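Number of protein chains: 2
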Amino acid sequence: MSAAAKARRSDPGLEIVAYERSGYVSYGSCGFPYAIKGEIARVEDVVVRTPERFAKQGITALVRHEVLEIDPAGGTVLVRNLNSGTEFRDRWDALVLTTGGAASRPPFPGVNLPGIFTLRTVEDALAIQQWIVEHRPTRGAIIGGGYIGLEMAEALDAHGVQLTLVERLPQVLPNLDAEMASHVQAELERQGVELRLDQPVEGFGGDERVREVVAGGQRIPADIVILAVGVKPNVELARAAGIALGPTGAVAVDDHQRTNLPSIWAAGDVAEALHRVTGRPAWVPLGTTANKQGRVAGENVAGGDARFAGIVGTAVVKVFDLEAASSGLSEAKARIGGYNVESVSATASSRAHYMPGHQPIHVKLVYESGSRRLLGGQLVGIEGVAKRIDIIAAALHQGWTVDELAELDLSYAPPFSPVWDPILVAANLARREG
Amino acid sequence: MSAAAKARRSDPGLEIVAYERSGYVSYGSCGFPYAIKGEIARVEDVVVRTPERFAKQGITALVRHEVLEIDPAGGTVLVRNLNSGTEFRDRWDALVLTTGGAASRPPFPGVNLPGIFTLRTVEDALAIQQWIVEHRPTRGAIIGGGYIGLEMAEALDAHGVQLTLVERLPQVLPNLDAEMASHVQAELERQGVELRLDQPVEGFGGDERVREVVAGGQRIPADIVILAVGVKPNVELARAAGIALGPTGAVAVDDHQRTNLPSIWAAGDVAEALHRVTGRPAWVPLGTTANKQGRVAGENVAGGDARFAGIVGTAVVKVFDLEAASSGLSEAKARIGGYNVESVSATASSRAHYMPGHQPIHVKLVYESGSRRLLGGQLVGIEGVAKRIDIIAAALHQGWTVDELAELDLSYAPPFSPVWDPILVAANLARREG
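In the order they appear, the protein sequences are chains U and G. With the first sequence counted from 1, adding 17 to any position gets you the numbering used here. With the second sequence counted from 1, adding 17 to any position gets you the numbering used here.
So that you can see chain U by itself, here it is in the shape it has in the complex (with noise of 0.2 Å):
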């Protein structure tokens, strides 16, 4: 939607017409967590603009429609009226490719059990909503220690739902280090939730409805499950009309968000993004950068020349009192990728030290061996850590040095910082080191 509303403020010639399968457009899908917590009154308060509000912009977006088929030489697409059924062809000039992404559902034994949830759309938000009024589940199993699953393990612990978290990896949160990731898992144990990490899940009993998850040859009692083991991007269409994918198995766009067809442009979830840190593509599917790049292609499609500058792969959570934030390559990442990696850690202040409620952040900086550059950052704390890594961004976004990020003319007063902020702390241990 964002692609359309800059194609209209770009050009309020152009007829625009949205297909949307599910019942809302424009929603912030980040917000679910909090409402099904009860932080947000009604699930459909993330909603940014109605299709109503959408007309009075001269854009059509017809919910509930979903695209069967796109026939690039016809320059057509198949639509599906999901409500009364009826399907018809509607003619292009120009299309934009914004499928999304879906949450994987790995075919796991009794993985279809009623109160088992995935959560993506607005549908998902309010199924789980009416499963916790109706079944007032009192033990829960998150599966996935992504950031839904973090987010949704606070959402089910305000209902007083005692959870158990099933990761098969051996930490939470794969963009940050083990050792950093270890902090977030010291929270999680701090807030009752009981972990079981490394382990796979085999799968999951019950009758009617989910009764237990069974992970690790052990069987853990739940009433309600989040399956949030990672997604995916819906390619079908795009893969059947010959739009070529790229490497991370999303569709493959130029800066411009061109496909390899032309007059069909892609952004969001569904495509990939240059990833700046490596110079390679990247599939790192988050609001921002879906923003970002409707944007480019909408402006692009009403005759624009702009270009998406790409992404470091920014990304912050909150899991219950801690914020845990990471931007471009992990160390372990890094080292995968073949960089030859350095990294410096350090535990510093929130505040300054004399201040009351200052809280310890824990930093950590990857950077390469010899040029220096810095590959990413890391940063866990109880305060202070969500803004903070945008410093770590900036310096990304450009390809400095850990020594030229040491340089930097930090914002300082008591309330907020320390004098040495703690990027700057680790910055400096790097030079150093260096």
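Take these hints with a grain of salt, some might be off.
Same chains, same label: a pair holds when it works inside one copy or across any pair of copies.
[What the hints assert, rightly or not] As a list, the in silico SDA-like pairs of lysine to any residue whose alpha-carbon atoms are at most 20 Å apart: (1) K54 with H375; (2) K54 with P373; (3) K249 with T138; (4) K249 with V96; (5) K73 with H273; (6) K54 with S360; (7) K73 with A175; (8) K73 with S27; (9) K249 with R389; (10) K73 with D28; (11) K249 with R390.
Everything labelled a hint here was simulated from the structure, so no lab data went into it. Fair warning: this is a prediction, and the values are worked out from it, not measured in the lab.
Put chain G on the given structure of chain U with help from the hints.
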């Protein structure tokens, strides 16, 4: 003392002596308002390291020892022990001048009445604390609407002092443009501080102690007055020794913190710094810069080749419930500096729009017409301001355009930011207008 500590780490063989006129070394004077407010238990808690601690590192820190004269040719200093009154000469091979700055105390009639305080040293802070305890002031005046004035307003307000703030300029916080400062002024008034802007102080009245401030032809009752009308570099020793001052009136230094005289370095509030936005020397006396310059001087004294990269003039202040931050040049200062200036302003949310507790953040970006180079940024809001300004600081450090700023891959999660960070909202606005 950061120069001393760095020199010690760099060369364990050096004999290092630090002479300090006051009774304390190595303290964070920015913490004083919070000590006076009562958030910090004792004023002395802001001391980072005592002379005893330095002694263990092999650094002799002599407090209450005033250097009266530097003899560059002979390589000596003349020192007075303020406890005993005795004077002696000490020899040096290398000298680092770190005499800092002093609070301005203009010769207003009555300025020396008891109850009128500047705030710069531990002794100042202790004197203010003692005055509050002994005299229980009910009416107070803050002279000057800079950082210290505003922080002291919050501190005295916490003691139930009814405050009037007198500022000779038409706004507080001169690093902000007037419309951004107006948010700060509204917060001060909301907190019950009476503002007298555009009113130069004419003098003070009283008997054995201050009773009133005279400003704008009116008498303002006051049992305590904080005189926070600026800071001056302590350049008397330098000037007498033939150390060259720069255009700002502070000591001129190169990027190695060298002065014009051989074997004499200068660092901290007594010295200038290269302003990376203007490319010219600036005098922005802040603890962060002082610490960085100190390290550079210390490393070079020990035979190193360290370089100070310069500043962009980043600062943040907490004013009651508000955070106000700036980096680079305001629009007004950029115009005075001769730049052809454009600016954009936006107000965006500190968190996702559907999250409880979200607060508006006011953003202003200033950039050069034509080149579109970012010249400065300002942020004011209840939360999420202090470290967000560092994104702008990073952009200014490298001389980015406002369009490059708009490309950044900034962190996003609903509790910490909208999907379009307020800084990106403003930068996109510049892009659209450009």
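We went through each hint and held it up to the structure:
no.: 1; hint: K54 with H375; in the structure: between (27 Å within a copy, 17 Å between copies)
no.: 2; hint: K54 with P373; in the structure: between (30 Å within a copy, 12 Å between copies)
no.: 3; hint: K249 with T138; in the structure: within (14 Å within a copy, 60 Å between copies)
no.: 4; hint: K249 with V96; in the structure: neither (23 Å within a copy, 73 Å between copies)
no.: 5; hint: K73 with H273; in the structure: neither (28 Å within a copy, 61 Å between copies)
no.: 6; hint: K54 with S360; in the structure: neither (37 Å within a copy, 41 Å between copies)
no.: 7; hint: K73 with A175; in the structure: neither (39 Å within a copy, 51 Å between copies)
no.: 8; hint: K73 with S27; in the structure: within (16 Å within a copy, 67 Å between copies)
no.: 9; hint: K249 with R389; in the structure: neither (34 Å within a copy, 39 Å between copies)
no.: 10; hint: K73 with D28; in the structure: within (15 Å within a copy, 71 Å between copies)
no.: 11; hint: K249 with R390; in the structure: neither (31 Å within a copy, 39 Å between copies)
Comparing the model with each numbered hint stated earlier shows that hints 4, 5, 6, 7, 9, 11 do not hold.
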